[in-house]
Amino acid sequence: MTGNDAERLARLIGMLPPAPGGWVRAAQELPTARLGLENLVARAQADAEFRHALLSDLEAALEAEGLEPGPRAVEELRRRLARD
Amino acid sequence: MEASRDHGETPPRRPELNAAASTDSALVARCRLGDDQAWRELVDRFSRYVYAIATKAFRLPEHDAEDVFQEVFARVYERLDSLRDDEAVRPWIAQLTRRLCIDRLRAGSREQPADEDLPELPADDVVAELDEAFDLHDAMAHLPDNCRDILDRFFARDESYRTIGESLGLPAGTIASRISRCLEKLRAALEGRNLPASPSGGQVT
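Taken in order, these protein sequences are the chains called A and B.
For what it's worth, this note's numbering labels the leading residue of the first sequence as 1291, then goes sequentially.
For what it's worth, this note's numbering labels the leading residue of the second sequence as 315, then goes sequentially.
Don't read these hints as lab results, they were simulated from the structure.
Do not rely on the hints blindly, as some may be mistaken.
Simulated DEER-style distance windows between Cβ atoms [to be verified]:
#1 B:Ser396 / A:Asp1337: 48 to 58 Å
#2 B:Gly483 / A:Phe1340: 49 to 59 Å
#3 A:Phe1340 / B:Asp349: 23 to 33 Å
#4 A:Glu1297 / B:Gly483: 39 to 49 Å
#5 A:Ala1350 / B:Ser481: 36 to 46 Å
#6 A:Val1364 / B:Ala490: 40 to 50 Å
#7 A:Gln1335 / B:Gly422: 30 to 40 Å
#8 B:Glu376 / A:Val1364: 17 to 27 Å
#9 A:Ala1354 / B:Asp395: 23 to 33 Å
None of the values given here were measured: they were computed from a predicted structure.
We put the CB at the ideal spot given by N, CA and C, even for glycine.
Let the hints inform the model, and build the full structure from the sequences given.
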């Protein structure tokens, strides 16, 4: 192998470092998170009292659903509830 | 959500490198059927690529790159049914990532003083090189586990000889020679498959 060959292969391998683990996990859990959000919204549509409680503390509602109450999830839930 | 790299994490397997065995079209088909494991594999397979386009080609800062990264996979998840050619999932993801990066740069430039234009966009050849890198990582999946691991740890994860040695139970003094031998195996594997390892070579899978 020439020096250039090895150098080039090494450079190409290095061009794809792993993405941060937390980012990857969040993207992988997207289907579960979507399902959880849909459940919350459906319950809010069917139950005004639940909807009121939900709107008063979105983060707690997400946590109770087993979802990570990060800013992205909170915003998504708020957006979906506002759409109703 | 985490905003920093998990530098200390050393998972025993590299699923994103092993996923090459499953063709892209098969992976997409399984995702469409609602197979959560397939979705995890798809994210694994393309996570480095999306991350690299955002941070290396478009040089987005970490917090913008994270937004783009999550938005790319959210859109892929929502729009997978609209993909016409399942084999074209990679260029589709690349295009989606590029568009979102450009949107992010434009949004950033609007917040800047009026005399500051949109930052210079990366040349296409940067993204083309990332495609070559993606193909090379696919080719690495065919190397023995220890070679794949050592090359990935040293060149992609930027781990030191000492860290690699400790993680793999190998004397640190032997790591350099192992890297050299593994690069030779990789080159031979590329040549054995009649796929040139030169800049003009294009696809290596």
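The hint says 23 to 33 Å between A:Phe1340 and B:Asp349; measuring C-beta to C-beta, is that right?
Check passed, 32 Å falls within 23 to 33 Å.
Between B:Gly483 and A:Phe1340, does the C-beta distance stay in 49 to 59 Å?
54 Å, holds
Within 23 to 33 Å: is that where the Cβ-Cβ distance between A:Ala1354 and B:Asp395 falls?
Between A:Ala1354 and B:Asp395, where Cβ atoms are some 31 Å apart, the hint holds.
Verdict for B:Glu376, A:Val1364 (Cβ pair) under range 17 to 27 Å
21 Å, holds
Quick one: are A:Glu1297 and B:Gly483 within 39 to 49 Å, going by C-beta?
With Cβ atoms ~28 Å apart, the hint is violated.
Using the Cβ atoms, figure out if A:Gln1335 sits within 30 to 40 Å of B:Gly422.
Since the Cβ atoms of A:Gln1335 and B:Gly422 sit about 37 Å apart, the hinted range of 30 to 40 Å holds.
For the hint 36 to 46 Å, verify it against the beta carbon of A:Ala1350 and that of B:Ser481.
40 Å, holds
Honestly, do A:Val1364 and B:Ala490 meet the 40 to 50 Å range at C-beta?
Given range 40 to 50 Å: holds, Cβ gap about 49 Å.
Using the beta carbons of B:Ser396 and A:Asp1337, state whether their distance is inside 48 to 58 Å or not.
34 Å, violated
When each numbered hint is compared with the structure, violations occur for hints 1 and 4.
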